[in-house]
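Colleague: Working from the sequences, and respecting the hints, build out all of it.
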Amino acid sequence: MSSDKAPIAAASASAAAATNALSGSSGSGGVAAANANAKLLHPGAEFSKGINGLDKVVLRDPRGSVAEVYLYGGHVTSWKNDHGEELLFVSSKAIFKPPKAIRGGIPICFPQFSNLGSLDAHGFARNRFWSIDSDPSPFPTNTSNKVAVDLILRPSEEDMKTWPHSYEYRLRVALGPGGDLTLISRIRNTNSDGKPFSFTFAYHTYFSVSDISEVRVEGLETLDYLDNLQNRKRCTEQGDAITFESEVDKIYLSTPTKIAILDHEKKRTFVIRKDGLPDAVVWNPWDKKSKAMADFGDDEYKHMLCVETAAIEKPITLKPGEEWRGRQELSAVPSSYCSGQLDPRKVLQGS
1 MSSDKAPIAA ASASAAAATN ALSGSSGSGG VAAANANAKL LHPGAEFSKG INGLDKVVLR
61 DPRGSVAEVY LYGGHVTSWK NDHGEELLFV SSKAIFKPPK AIRGGIPICF PQFSNLGSLD
121 AHGFARNRFW SIDSDPSPFP TNTSNKVAVD LILRPSEEDM KTWPHSYEYR LRVALGPGGD
181 LTLISRIRNT NSDGKPFSFT FAYHTYFSVS DISEVRVEGL ETLDYLDNLQ NRKRCTEQGD
241 AITFESEVDK IYLSTPTKIA ILDHEKKRTF VIRKDGLPDA VVWNPWDKKS KAMADFGDDE
301 YKHMLCVETA AIEKPITLKP GEEWRGRQEL SAVPSSYCSG QLDPRKVLQG S
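Mapping of the sequence shown onto the numbering used here: residues 1 to 351, in sequence order.
Treat the hints as calculated values from the structure; they're not laboratory data.
Any given hint might turn out to be false.
Below 27 Å or equal to it, Euclidean Cα-Cα: the simulated DSS-like pairs (lysine-lysine) are [unchecked claim]: (1) 233 / 314; (2) 319 / 161; (3) 195 / 161; (4) 266 / 233; (5) 291 / 97; (6) 80 / 93; (7) 267 / 80; (8) 291 / 93; (9) 97 / 288; (10) 233 / 80; (11) 288 / 233; (12) 49 / 80; (13) 49 / 97; (14) 266 / 80; (15) 302 / 258; (16) 97 / 161; (17) 80 / 100; (18) 233 / 291; (19) 100 / 258; (20) 314 / 291; (21) 97 / 266; (22) 314 / 258; (23) 314 / 161; (24) 258 / 97.
Modeller: This is how it looks when you write it as C-alpha coordinates:
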(Lines of atoms letter the chains of each structure in order from A and count residues from 1; the text may use other names and numbers.)
(Lines give C-alpha, C1' and ligand atoms only; values in the text may rest on other atoms or scores of the structure.)
Protein backbone atom coordinates (compact mmCIF):
# COMPACT_ATOMS: atom_id res chain seq x y z
CA MET A 1 0.00 0.00 0.00
CA SER A 2 1.49 3.31 -0.98
CA SER A 3 1.26 6.48 1.07
CA ASP A 4 -1.37 9.09 0.35
CA LYS A 5 -0.14 12.31 -1.22
CA ALA A 6 -2.75 14.59 0.35
CA PRO A 7 -1.21 17.31 2.54
CA ILE A 8 -1.25 16.85 6.30
CA ALA A 9 -3.00 20.20 6.64
CA ALA A 10 -5.94 18.91 4.62
CA ALA A 11 -6.25 15.85 6.85
CA SER A 12 -6.07 18.02 9.96
CA ALA A 13 -8.71 20.35 8.57
CA SER A 14 -10.93 17.39 7.83
CA ALA A 15 -10.52 16.18 11.41
CA ALA A 16 -11.36 19.62 12.79
CA ALA A 17 -14.43 19.87 10.60
CA ALA A 18 -15.64 16.48 11.78
CA THR A 19 -15.09 17.41 15.41
CA ASN A 20 -16.85 20.76 15.05
CA ALA A 21 -19.76 19.17 13.27
CA LEU A 22 -20.26 16.77 16.16
CA SER A 23 -19.83 19.35 18.90
CA GLY A 24 -21.92 21.98 17.17
CA SER A 25 -19.18 24.54 17.71
CA SER A 26 -17.06 26.54 15.34
CA GLY A 27 -14.11 26.91 17.75
CA SER A 28 -11.83 24.35 19.34
CA GLY A 29 -14.57 22.78 21.50
CA GLY A 30 -12.50 19.65 22.13
CA VAL A 31 -14.20 18.71 25.41
CA ALA A 32 -17.67 19.43 24.04
CA ALA A 33 -16.87 17.34 20.97
CA ALA A 34 -15.69 14.45 23.11
CA ASN A 35 -18.88 14.62 25.18
CA ALA A 36 -21.00 14.77 22.03
CA ASN A 37 -19.14 11.77 20.61
CA ALA A 38 -19.60 9.79 23.81
CA LYS A 39 -23.36 10.31 23.71
CA LEU A 40 -23.46 8.82 20.22
CA LEU A 41 -21.77 5.57 21.21
CA HIS A 42 -23.57 2.28 21.76
CA PRO A 43 -23.38 0.62 25.20
CA GLY A 44 -20.10 -1.27 25.52
CA ALA A 45 -18.25 1.20 23.30
CA GLU A 46 -15.99 3.88 24.75
CA PHE A 47 -13.76 6.67 23.50
CA SER A 48 -10.05 6.55 24.10
CA LYS A 49 -6.85 8.19 22.88
CA GLY A 50 -4.69 6.01 20.72
CA ILE A 51 -1.16 6.32 19.39
CA ASN A 52 -0.04 9.91 18.78
CA GLY A 53 -3.25 11.14 20.42
CA LEU A 54 -5.49 9.87 17.62
CA ASP A 55 -9.09 9.17 18.67
CA LYS A 56 -10.23 5.58 18.79
CA VAL A 57 -13.32 3.68 19.91
CA VAL A 58 -12.86 0.54 22.01
CA LEU A 59 -15.51 -2.17 21.78
CA ARG A 60 -15.66 -4.55 24.74
CA ASP A 61 -17.78 -7.67 24.88
CA PRO A 62 -18.72 -8.84 28.40
CA ARG A 63 -17.13 -12.23 27.68
CA GLY A 64 -13.73 -10.62 27.18
CA SER A 65 -13.17 -9.99 23.46
CA VAL A 66 -12.07 -6.48 22.48
CA ALA A 67 -11.77 -4.50 19.23
CA GLU A 68 -10.32 -1.05 18.57
CA VAL A 69 -11.37 1.29 15.76
CA TYR A 70 -9.48 4.49 14.93
CA LEU A 71 -11.53 7.38 13.57
CA TYR A 72 -8.56 8.02 11.30
CA GLY A 73 -9.32 5.73 8.37
CA GLY A 74 -12.35 4.09 10.03
CA HIS A 75 -9.56 1.63 10.72
CA VAL A 76 -9.85 -1.48 12.90
CA THR A 77 -6.39 -1.87 14.48
CA SER A 78 -7.01 -4.58 17.06
CA TRP A 79 -9.22 -7.63 17.54
CA LYS A 80 -8.54 -9.75 20.60
CA ASN A 81 -10.28 -12.92 21.71
CA ASP A 82 -11.44 -13.62 25.26
CA HIS A 83 -7.95 -14.91 26.11
CA GLY A 84 -6.43 -11.57 25.17
CA GLU A 85 -4.73 -12.95 22.06
CA GLU A 86 -4.33 -10.46 19.21
CA LEU A 87 -5.86 -11.81 16.02
CA LEU A 88 -4.89 -8.99 13.65
CA PHE A 89 -1.39 -8.00 12.56
CA VAL A 90 -0.19 -4.41 12.86
CA SER A 91 3.42 -3.70 11.97
CA SER A 92 5.73 -2.61 14.78
CA LYS A 93 6.82 0.11 12.36
CA ALA A 94 3.30 1.30 11.48
CA ILE A 95 3.11 5.09 11.26
CA PHE A 96 0.10 6.46 13.15
CA LYS A 97 0.48 9.90 11.65
CA PRO A 98 -1.78 11.37 8.93
CA PRO A 99 -1.70 11.33 5.99
CA LYS A 100 0.15 8.00 6.11
CA ALA A 101 -2.13 4.96 6.17
CA ILE A 102 -1.80 2.61 9.13
CA ARG A 103 0.11 -0.55 8.17
CA GLY A 104 -1.94 -3.48 9.39
CA GLY A 105 -5.33 -4.14 10.94
CA ILE A 106 -8.18 -3.64 8.47
CA PRO A 107 -7.57 -0.70 6.09
CA ILE A 108 -10.53 0.17 3.89
CA CYS A 109 -9.76 0.48 0.18
CA PHE A 110 -12.30 2.90 -1.34
CA PRO A 111 -13.09 4.19 -3.92
CA GLN A 112 -10.22 2.40 -5.60
CA PHE A 113 -8.38 -0.85 -5.01
CA SER A 114 -4.61 -0.76 -5.57
CA ASN A 115 -3.61 1.28 -8.63
CA LEU A 116 -6.67 0.33 -10.69
CA GLY A 117 -7.59 3.92 -11.44
CA SER A 118 -6.40 7.53 -11.34
CA LEU A 119 -6.25 7.91 -7.55
CA ASP A 120 -3.40 7.10 -5.22
CA ALA A 121 -3.18 3.38 -4.46
CA HIS A 122 -6.16 2.04 -2.47
CA GLY A 123 -8.08 5.33 -2.64
CA PHE A 124 -8.52 7.81 0.19
CA ALA A 125 -10.96 6.37 2.77
CA ARG A 126 -8.10 4.91 4.83
CA ASN A 127 -6.43 8.34 4.98
CA ARG A 128 -9.43 10.38 6.13
CA PHE A 129 -10.92 11.21 9.50
CA TRP A 130 -14.33 9.60 9.95
CA SER A 131 -17.11 10.83 12.26
CA ILE A 132 -19.40 9.00 14.62
CA ASP A 133 -22.69 8.60 12.75
CA SER A 134 -25.31 10.58 14.68
CA ASP A 135 -28.17 9.06 12.68
CA PRO A 136 -27.15 5.58 11.55
CA SER A 137 -29.41 3.77 9.13
CA PRO A 138 -30.96 0.58 10.43
CA PHE A 139 -28.82 -2.37 9.40
CA PRO A 140 -30.61 -5.50 8.20
CA THR A 141 -28.90 -7.70 10.75
CA ASN A 142 -29.55 -8.67 14.35
CA THR A 143 -27.03 -6.71 16.37
CA SER A 144 -29.00 -6.47 19.61
CA ASN A 145 -26.46 -8.72 21.34
CA LYS A 146 -23.42 -7.07 19.77
CA VAL A 147 -21.25 -4.14 20.82
CA ALA A 148 -20.95 -1.80 17.84
CA VAL A 149 -19.86 1.60 16.58
CA ASP A 150 -21.32 3.43 13.58
CA LEU A 151 -19.05 5.71 11.57
CA ILE A 152 -19.68 7.92 8.54
CA LEU A 153 -17.49 9.44 5.85
CA ARG A 154 -18.49 12.14 3.41
CA PRO A 155 -16.29 13.76 0.73
CA SER A 156 -14.20 16.80 1.55
CA GLU A 157 -13.67 19.63 -0.92
CA GLU A 158 -10.17 18.26 -1.50
CA ASP A 159 -11.54 14.80 -2.29
CA MET A 160 -14.05 16.26 -4.76
CA LYS A 161 -11.17 17.62 -6.85
CA THR A 162 -9.74 14.17 -7.47
CA TRP A 163 -12.97 12.10 -7.29
CA PRO A 164 -15.86 14.50 -8.06
CA HIS A 165 -18.74 12.53 -6.58
CA SER A 166 -20.98 13.05 -3.59
CA TYR A 167 -21.52 10.00 -1.38
CA GLU A 168 -22.27 8.84 2.13
CA TYR A 169 -20.21 5.92 3.40
CA ARG A 170 -21.60 4.35 6.56
CA LEU A 171 -19.52 1.76 8.38
CA ARG A 172 -20.66 -0.41 11.27
CA VAL A 173 -18.04 -2.36 13.23
CA ALA A 174 -19.64 -4.90 15.58
CA LEU A 175 -18.20 -7.34 18.10
CA GLY A 176 -20.36 -10.39 18.83
CA PRO A 177 -20.67 -12.38 22.06
CA GLY A 178 -18.68 -15.22 20.52
CA GLY A 179 -15.85 -12.83 19.68
CA ASP A 180 -16.75 -12.57 15.98
CA LEU A 181 -15.94 -9.26 14.29
CA THR A 182 -18.32 -7.89 11.65
CA LEU A 183 -17.80 -4.94 9.32
CA ILE A 184 -20.74 -3.70 7.27
CA SER A 185 -20.22 -0.96 4.69
CA ARG A 186 -23.08 0.95 3.10
CA ILE A 187 -22.16 3.36 0.34
CA ARG A 188 -24.82 5.62 -1.17
CA ASN A 189 -24.62 7.85 -4.23
CA THR A 190 -25.82 11.32 -3.14
CA ASN A 191 -24.89 13.13 -6.37
CA SER A 192 -27.35 15.94 -7.15
CA ASP A 193 -26.31 16.13 -10.81
CA GLY A 194 -27.89 12.80 -11.74
CA LYS A 195 -24.54 11.14 -12.45
CA PRO A 196 -23.71 7.57 -11.48
CA PHE A 197 -20.30 6.63 -10.12
CA SER A 198 -18.26 3.44 -10.00
CA PHE A 199 -15.76 2.20 -7.47
CA THR A 200 -13.71 -0.81 -6.45
CA PHE A 201 -13.40 -1.88 -2.84
CA ALA A 202 -11.60 -4.12 -0.35
CA TYR A 203 -11.37 -4.84 3.35
CA HIS A 204 -7.56 -5.14 3.39
CA THR A 205 -7.46 -7.46 6.43
CA TYR A 206 -4.08 -8.36 7.93
CA PHE A 207 -4.36 -11.58 9.96
CA SER A 208 -1.83 -12.47 12.63
CA VAL A 209 -0.34 -15.92 12.01
CA SER A 210 2.32 -17.96 13.79
CA ASP A 211 4.49 -18.78 10.76
CA ILE A 212 3.46 -18.10 7.16
CA SER A 213 5.05 -21.40 6.07
CA GLU A 214 2.65 -23.25 8.41
CA VAL A 215 -0.50 -21.59 7.08
CA ARG A 216 -2.91 -22.69 4.39
CA VAL A 217 -5.99 -21.07 2.87
CA GLU A 218 -8.99 -23.25 2.01
CA GLY A 219 -11.94 -22.37 -0.21
CA LEU A 220 -10.18 -20.77 -3.19
CA GLU A 221 -8.91 -23.92 -4.90
CA THR A 222 -9.76 -24.43 -8.61
CA LEU A 223 -10.75 -20.76 -8.96
CA ASP A 224 -9.47 -18.27 -11.53
CA TYR A 225 -7.28 -15.46 -10.25
CA LEU A 226 -5.40 -12.44 -11.54
CA ASP A 227 -1.72 -12.64 -10.65
CA ASN A 228 -0.44 -9.19 -9.71
CA LEU A 229 3.13 -10.48 -9.99
CA GLN A 230 2.50 -11.24 -13.69
CA ASN A 231 0.74 -8.04 -14.77
CA ARG A 232 -2.61 -9.44 -13.62
CA LYS A 233 -2.37 -12.45 -15.89
CA ARG A 234 -5.47 -14.64 -15.54
CA CYS A 235 -4.62 -18.07 -14.14
CA THR A 236 -6.39 -20.99 -12.46
CA GLU A 237 -5.49 -22.20 -8.96
CA GLN A 238 -4.15 -25.75 -9.20
CA GLY A 239 -3.44 -26.77 -5.62
CA ASP A 240 -5.91 -28.30 -3.16
CA ALA A 241 -5.11 -25.36 -0.84
CA ILE A 242 -3.02 -22.21 -0.94
CA THR A 243 0.30 -22.49 0.89
CA PHE A 244 3.18 -20.02 1.08
CA GLU A 245 6.81 -20.40 0.06
CA SER A 246 7.38 -17.05 -1.66
CA GLU A 247 5.67 -13.73 -2.43
CA VAL A 248 1.96 -14.03 -3.25
CA ASP A 249 -0.30 -11.30 -4.64
CA LYS A 250 -3.44 -12.70 -6.28
CA ILE A 251 -7.00 -11.52 -6.88
CA TYR A 252 -9.31 -14.54 -6.81
CA LEU A 253 -12.53 -14.13 -8.77
CA SER A 254 -16.11 -15.24 -8.09
CA THR A 255 -15.16 -16.61 -4.69
CA PRO A 256 -17.44 -18.47 -2.24
CA THR A 257 -19.07 -16.74 0.71
CA LYS A 258 -16.72 -18.57 3.11
CA ILE A 259 -12.93 -18.79 3.20
CA ALA A 260 -10.81 -20.46 5.90
CA ILE A 261 -7.25 -19.68 7.03
CA LEU A 262 -5.75 -22.61 8.92
CA ASP A 263 -2.81 -21.90 11.24
CA HIS A 264 -1.25 -25.20 12.28
CA GLU A 265 1.15 -23.88 14.92
CA LYS A 266 -1.48 -21.81 16.75
CA LYS A 267 -4.11 -24.53 16.26
CA ARG A 268 -6.47 -21.83 15.08
CA THR A 269 -8.69 -21.36 12.04
CA PHE A 270 -9.96 -18.01 10.88
CA VAL A 271 -13.30 -18.24 9.11
CA ILE A 272 -14.20 -15.37 6.77
CA ARG A 273 -17.83 -14.97 5.77
CA LYS A 274 -18.77 -12.31 3.25
CA ASP A 275 -21.65 -10.84 1.32
CA GLY A 276 -21.59 -8.41 -1.61
CA LEU A 277 -17.85 -8.98 -2.07
CA PRO A 278 -17.31 -11.46 -4.91
CA ASP A 279 -13.50 -11.32 -5.03
CA ALA A 280 -10.74 -12.13 -2.56
CA VAL A 281 -7.14 -10.94 -2.50
CA VAL A 282 -4.38 -13.07 -0.98
CA TRP A 283 -1.15 -11.18 -0.26
CA ASN A 284 2.15 -11.69 1.49
CA PRO A 285 5.09 -9.47 0.48
CA TRP A 286 7.81 -11.97 1.51
CA ASP A 287 11.34 -10.86 2.34
CA LYS A 288 12.41 -8.63 -0.53
CA LYS A 289 9.36 -6.36 -0.56
CA SER A 290 9.24 -6.30 3.25
CA LYS A 291 12.70 -4.73 3.33
CA ALA A 292 11.60 -2.11 0.80
CA MET A 293 8.70 -0.87 2.98
CA ALA A 294 9.67 1.74 5.56
CA ASP A 295 6.63 1.01 7.73
CA PHE A 296 7.06 -2.77 7.76
CA GLY A 297 9.63 -4.87 9.63
CA ASP A 298 12.08 -6.91 7.54
CA ASP A 299 10.91 -10.25 8.97
CA GLU A 300 7.32 -9.39 9.79
CA TYR A 301 6.05 -11.09 6.64
CA LYS A 302 6.49 -14.38 8.51
CA HIS A 303 3.74 -13.47 10.96
CA MET A 304 1.05 -11.94 8.75
CA LEU A 305 -1.25 -12.84 5.91
CA CYS A 306 -3.69 -10.62 4.07
CA VAL A 307 -6.88 -12.26 2.86
CA GLU A 308 -9.04 -9.41 1.63
CA THR A 309 -12.72 -9.60 0.76
CA ALA A 310 -13.23 -7.33 -2.22
CA ALA A 311 -15.13 -6.13 -5.27
CA ILE A 312 -12.47 -5.55 -7.93
CA GLU A 313 -12.98 -7.33 -11.26
CA LYS A 314 -16.41 -5.80 -11.81
CA PRO A 315 -16.60 -2.29 -10.30
CA ILE A 316 -19.72 -1.37 -8.34
CA THR A 317 -21.82 1.27 -10.14
CA LEU A 318 -24.43 3.30 -8.27
CA LYS A 319 -26.99 5.68 -9.69
CA PRO A 320 -28.04 8.65 -7.53
CA GLY A 321 -29.98 7.36 -4.54
CA GLU A 322 -28.72 3.80 -4.92
CA GLU A 323 -26.82 2.08 -2.13
CA TRP A 324 -24.32 -0.78 -2.05
CA ARG A 325 -23.73 -3.01 0.93
CA GLY A 326 -20.64 -5.13 1.62
CA ARG A 327 -20.35 -7.31 4.72
CA GLN A 328 -17.43 -9.21 6.22
CA GLU A 329 -17.64 -11.38 9.33
CA LEU A 330 -14.49 -12.79 10.93
CA SER A 331 -14.36 -15.54 13.51
CA ALA A 332 -11.53 -17.59 15.02
CA VAL A 333 -12.05 -21.18 16.15
CA PRO A 334 -9.64 -23.63 17.82
CA SER A 335 -8.47 -26.28 15.40
CA SER A 336 -5.62 -28.38 14.14
CA TYR A 337 -5.88 -29.56 10.58
CA CYS A 338 -2.92 -31.92 11.00
CA SER A 339 -4.42 -33.79 13.96
CA GLY A 340 -7.73 -34.11 12.17
CA GLN A 341 -9.59 -32.37 14.97
CA LEU A 342 -11.15 -30.10 12.39
CA ASP A 343 -11.93 -30.91 8.79
CA PRO A 344 -11.54 -27.62 6.87
CA ARG A 345 -14.31 -28.75 4.52
CA LYS A 346 -16.70 -28.83 7.46
CA VAL A 347 -15.59 -25.36 8.47
CA LEU A 348 -16.37 -24.07 4.99
CA GLN A 349 -19.63 -25.95 4.57
CA GLY A 350 -20.97 -25.58 8.12
CA SER A 351 -23.14 -22.81 9.48
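Colleague: Check the hint pairing residue 233 with residue 80 against an upper bound of 27 Å on the C-alpha distance.
Modeller: Violated: residue 233 and residue 80 sit about 37 Å apart, past 27 Å.
Colleague: Under the criterion that the straight-line Cα-Cα distance not exceed 27 Å, is the pair residue 314, residue 161 satisfied?
Modeller: Cα-Cα ~25 Å, so holds.
Colleague: Regarding the pair residue 319 and residue 161, is the alpha-carbon distance no greater than 27 Å?
Modeller: Measuring from Cα to Cα gives roughly 20 Å; hence the hint holds.
Colleague: Hey, residue 291 versus residue 93, does the alpha-carbon distance stay inside 27 Å?
Modeller: Satisfied, since the Cα-Cα distance of roughly 12 Å is no more than 27 Å.
Colleague: Holds or violated: residue 80 with residue 100, Cα cutoff 27 Å?
Modeller: holds, 25 Å
Colleague: Given the hinted pair residue 291 and residue 97, is their Cα-Cα distance within 27 Å?
Modeller: With Cα atoms ~21 Å apart, residue 291 and residue 97 stay inside 27 Å; holds.
Colleague: Given the hinted pair residue 97 and residue 161, is their Cα-Cα distance within 27 Å?
Modeller: Given that 27 Å is the threshold and the Cα spacing comes to 23 Å, the pair holds.
Colleague: Straight-line Cα separation of residue 302 and residue 258 no greater than 27 Å?
Modeller: holds, 24 Å
Colleague: With the threshold set at 27 Å, check whether the alpha-carbon distance from residue 314 to residue 291 stays at or below it.
Modeller: Not OK: residue 314 and residue 291 at ~33 Å, beyond 27 Å, violated.
Colleague: Is residue 288 within 27 Å of residue 233, Cα to Cα?
Modeller: holds, 22 Å
Colleague: With a cut-off of 27 Å on the C-alpha distance, tell me whether residue 97 and residue 288 pass.
Modeller: Given that 27 Å is the threshold and the Cα spacing comes to 25 Å, the pair holds.
Colleague: Does residue 314 lie within 27 Å of residue 233 when you go C-alpha to C-alpha?
Modeller: Distance of about 16 Å is within 27 Å: holds.
Checked against the numbered hints listed earlier, the structure breaks hints 4, 10, 19, 20, 21 and 24; every other hint is satisfied.
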